[in-house]
Amino acid sequence: MNGANEQADKDLDPVIEAYKKDVDVTLIRENLHLTIDQRFQRLMELQQFAEDLRRAGRKAHEK
Amino acid sequence: MTDFHALLRILIENDVEFIIVGGAAATAHGSARLTFDLDIVYRRSSENIERIVKALQPINPYLRGAPPGLPFSWSAETVKRGLNFTLTTTLGSLDLLGEVVGGGGYDQLVSETIKVGIAGIECLCLNLESLIKVKRAAGRPKDLEVIAELESIRDETVNN
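Protein chains in written order, with the working numbering: chain W, 14 to 76; chain B, 185 to 344.
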């Protein structure tokens, strides 16, 4: 990493620290108890749920 | 919906050399964020490009967001002429990356990976530290929350 990039990276730190306050650590802890396989399974279930919600939203707007 | 298991399976079954990066790598490390695509860095050797083309042919890769009917032929020539491809397939969205900002290509990243088992398939996944590094290097506003979460995962892992 060159000097300019290092500086840019350091400049991000306070912003990232500010975002960290809003990270839901309980969700992370829950995920860390799962196997990697289970994490992907959950991700796909969540995708399906998001898709179902979108479809329902579109239908509601059509009415 | 992207069928991560099926996409990974066809890549592995065709001996494609690749590394999982991006949101899917974050999921592997414990991220709770929702991602809709599979991002992989692929090795830019002629043999590997041939393997990718053969692997993806049956799932009809097409440029994501491109208007239908755009002349796009999925071939080794096409992959060699380009570098990064955002594709839609019958199994979902797949981003093929020849390089990532701050990390380089497959050969530079392969030593910064861990082996992960997903649905009985063993693949290479960018390690947490390098994932944070490339996200920081990308410096996109949308990545700031992601970096904050990844660093929180690192803190949790170190503290437990």
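What the hints contain is simulated information worked out from the structure, not anything from laboratory work. Treat the hints with care, as some may be off.
Derived list of chain W stretches under chain B, where covered just means 3 residues or more per stretch with a C-beta under 8 Å from a C-beta of chain B [what the hints assert, rightly or not]:
id: 1; stretch: 54-60
id: 2; stretch: 64-76
Computed list of lysine to aspartate or glutamate pairs in EDC-like fashion (alpha-carbon distance at most 16 Å, straight line) [said to hold, decoys possible]:
id: 3; chain 1: W; residue 1: K33; chain 2: B; residue 2: E201
id: 4; chain 1: W; residue 1: K33; chain 2: B; residue 2: D327
id: 5; chain 1: B; residue 1: K299; chain 2: B; residue 2: D187
We put the beta carbon where it would ideally sit given N, CA and C, even for glycine.
Taking the hints in turn, this is what the structure says about them:
no.	hint	in the structure
1	54-60	holds (count 4)
2	64-76	violated (count 1)
3	W/K33 with B/E201	violated (34 Å)
4	W/K33 with B/D327	holds (12 Å)
5	B/K299 with B/D187	violated (20 Å)
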